[in-house]
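Going down the list, the sequences are from chains S and A. Quick note: the first sequence uses numbering that gives the first Met the number 0, first residue 0, plus one each step. Quick note: the second sequence uses numbering that gives the first Met the number 0, first residue 0, plus one each step.
Source of the hints: derived by calculation from the structure; they are not laboratory data. A virtual CB, placed ideally from N, CA and C, is assigned to each residue, including glycine. Careful, some of the hints might be misleading.
[Stated by the list, open to error] Chain A regions said to be covered by chain S (calculated; three or more residues, Cβ under 8 angstroms):
1. 46-58
2. 68-75
3. 116-128
4. 142-154
5. 163-177
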Amino acid sequence: MPKPRTFILVLVSLIVFCARADEFRFPLKPGSVKFAAIGDMGTGEGPQYEVADRMNTERQRFPFDFVIMLGDNIYGGSSPKDFERKFERPYKGLLDASVKFYASLGNHDNPNERFYKPFNMNGSNYYTFKKGNVRFFALDSNYMDARQLAWLQKELQDSGTGDWKICFFHHPLYSSGKTHGSSIELRSLIEPLFIKYGVDAVFSGHDHVYERVKPENGIYYFTEGSSGQLRPDGLAQTSMTDRGFASDRTFMLVEVAGDVLYFETLSRGGAVVDSGELRRPVRASEAAVQNK
Amino acid sequence: MTTKRRLEYLMNIVMLGMSLATVGGKLGRGQAAVSPSKEAKNEAGFKEFMDHVQAYVNLHKSIESSLPALKKPTDQPEKIANHQQALAQKIREARRHARRGDIFSEEAMEAFRHTVREEFGGPHGHSARTTIRQGEPLKTIHLHVNETYPDGVPYTTLPPTLLLKFPKLPDQVAYRIVVRDLILLDVEANLVIDRIPDIFPETI
Numbered sequence: 000m001p002k003p004r005t006f007i008l009v010l011v012s013l014i015v016f017c018a019r020a021d022e023f024r025f026p027l028k029p030g031s032v033k034f035a036a037i038g039d040m041g042t043g044e045g046p047q048y049e050v051a052d053r054m055n056t057e058r059q060r061f062p063f064d065f066v067i068m069l070g071d072n073i074y075g076g077s078s079p080k081d082f083e084r085k086f087e088r089p090y091k092g093l094l095d096a097s098v099k100f101y102a103s104l105g106n107h108d109n110p111n112e113r114f115y116k117p118f119n120m121n122g123s124n125y126y127t128f129k130k131g132n133v134r135f136f137a138l139d140s141n142y143m144d145a146r147q148l149a150w151l152q153k154e155l156q157d158s159g160t161g162d163w164k165i166c167f168f169h170h171p172l173y174s175s176g177k178t179h180g181s182s183i184e185l186r187s188l189i190e191p192l193f194i195k196y197g198v199d200a201v202f203s204g205h206d207h208v209y210e211r212v213k214p215e216n217g218i219y220y221f222t223e224g225s226s227g228q229l230r231p232d233g234l235a236q237t238s239m240t241d242r243g244f245a246s247d248r249t250f251m252l253v254e255v256a257g258d259v260l261y262f263e264t265l266s267r268g269g270a271v272v273d274s275g276e277l278r279r280p281v282r283a284s285e286a287a288v289q290n291k
Numbered sequence: 000m001t002t003k004r005r006l007e008y009l010m011n012i013v014m015l016g017m018s019l020a021t022v023g024g025k026l027g028r029g030q031a032a033v034s035p036s037k038e039a040k041n042e043a044g045f046k047e048f049m050d051h052v053q054a055y056v057n058l059h060k061s062i063e064s065s066l067p068a069l070k071k072p073t074d075q076p077e078k079i080a081n082h083q084q085a086l087a088q089k090i091r092e093a094r095r096h097a098r099r100g101d102i103f104s105e106e107a108m109e110a111f112r113h114t115v116r117e118e119f120g121g122p123h124g125h126s127a128r129t130t131i132r133q134g135e136p137l138k139t140i141h142l143h144v145n146e147t148y149p150d151g152v153p154y155t156t157l158p159p160t161l162l163l164k165f166p167k168l169p170d171q172v173a174y175r176i177v178v179r180d181l182i183l184l185d186v187e188a189n190l191v192i193d194r195i196p197d198i199f200p201e202t203i
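Bound conformation, chain A alone:
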């Protein structure tokens, strides 16, 4: 191994350790450079967000339990498609009054915006931009709460170092990037749960 490679390797180990330590901590999101009050505000925002996520997941689970079970993998794709559609339909009905901001509350939104700003303005900014650029960024699509993520549209890669700074989500939901928006997606129902518009920089 050359000295350069050794250094690169050491840097990677340090970076991985820092990222895991950040996520491993309660809800501390690793903004080492931010002021304590800002950090506390972020923590509060993320906590509120996670409370809303948990309430949503409880709803998801209760609706799913009312549907024919898809407990085991099946060799019939129509069963998977039917389950996804039925789940989406029932969740839509249960959340027919859902609006943007129900889960990403004002405080939560500010915590996410702050985290994204820090990431893109910090040492990982360049590589985060590169990751998004490489990952088939979407240009024209706009999604709203209770809409289905369009079938066949590829996922833009979410920069993994940024993902590690966001609150860890239960299996049922995931973060996605759509153009410049951050989407919270129910992956089993393929349904948009909430979104933060224009959170990502214009110049990716």
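Looking at chain S on its own, in the form it has when it is part of the complex:
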């Protein structure tokens, strides 16, 4: 007969094992697209460094290759010292590990950031790039003029229907943030293109909170604007929120494997704020475009 103490220990281990088996796990499939997302981070203050340190730590478990930046990359100035204190130093570990950063511009960013090589913008305010089966579109939501709209339409159209399409830019189309909220005018211009050409997921910042919105017209929307800044109590109670968090700084980890997008949102302390898996929807509009 096992001793009662041993029995309890085995029982507790079993319970913990079963509980952890239910926890979210990245599949870490070979060839999958793994990246992180940060927004409103460029303060140069302690919390930004703490988020960056946590990203570095998590990379041992989840080896992401690149980071998308959702704007407000460098607050308060654009001198060489600003770049050093608000980007190069906090993310040194990631940069040294050859992790690439892809920036979009926020309303606090000097547009000349586009010439800063580590931001991989190639001198353009808006651009596109492809990783595995994902086509990314970085937009400049500060200045959605006719030229950018025409570019977006053409690039979305040319990108076909086989790959995931992920857009990222600063101003959220859907947000329960109390400070800024949804960018309704911008939405009226670009959402119809997203729907028509089958954009699957959108990442934005601007509101200094984390929010995952219930899918709108089949598109998944995330606001990640608390990777440096934070507006505690900055989220209003709205019916569009699927999950919101405004108690600590956060960042996102994302894996796209086949038709599934796995994500985990972590606080700077490593607590899981949100996680899940999203299936790539097949839309009637996309099928129609494909058939043309």
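Mind docking chain A on chain S? Use the hints.
Using the frame of chain S, we list chain A on its own:
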């Protein structure tokens, strides 16, 4: 999709189509409700404005070609900062006699004022106001021709539907809102080229 969502979606498609069609046309700025003479006046104002912009961009290009090139992105931020400052300095020198109204001439200014009035008094007025309110409107700053846009001051969001009604600008320059003024900014030199004061309504 609910009926409401479908309707919203259809409305958005129609709005986008109208906006793109407006901008796609020569310099017609989509004032559907204005009289033909007013529209012609606006077109003339915008044309004059674009001529002045083109002359400015030619100057910008010729000055830029005299500077050490920043053709490719660099991992040295000081190169970006130096380029921006040198370009601003040379343009300032070349335009030391520049005055407000050199680019936004009287006629151009009237066309812009009319377009803004139409936008804020029309069906997009409410959302345009909301966009500005949401986009960190500046309250106290005043900028003048040949001044640098202050480093670290956020940009107020320019309502995109209004932006689509303004003449399309070359890459070197952009419109900005500063308090109630419309600024024409050289984005590479970060320099104010011209401005229209108090063009936006007091009550945003």
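Examine the region 68-75 of chain A: at least three residues should have C-beta closer than 8 angstroms to a C-beta of chain S. It holds: at least three residues are needed, and the region 68-75 of chain A offers 6 whose Cβ sits within less than 8 angstroms of chain S.
Would you say the region 142-154 of chain A counts as covered by chain S, given the rule of at least 3 residues with C-beta under 8 angstroms? holds (count 4)
Do three or more residues from the region 116-128 of chain A put their C-beta atoms closer than 8 angstroms to C-beta atoms of chain S? Since three or more residues must qualify, the claim that chain S covers the region 116-128 of chain A holds, with 3 doing so at under 8 angstroms.
For the region 163-177 of chain A, do at least 3 residues have a Cβ located nearer than 8 angstroms to some Cβ of chain S? Result for this restraint: holds, n = 4.
Checking C-beta pairs, does the region 46-58 of chain A have three or more residues closer than 8 angstroms to chain S? Since three or more residues must qualify, the claim that chain S covers the region 46-58 of chain A is violated, with 0 doing so at under 8 angstroms.
Consistency note: the structure conflicts with earlier hint 1 alone.
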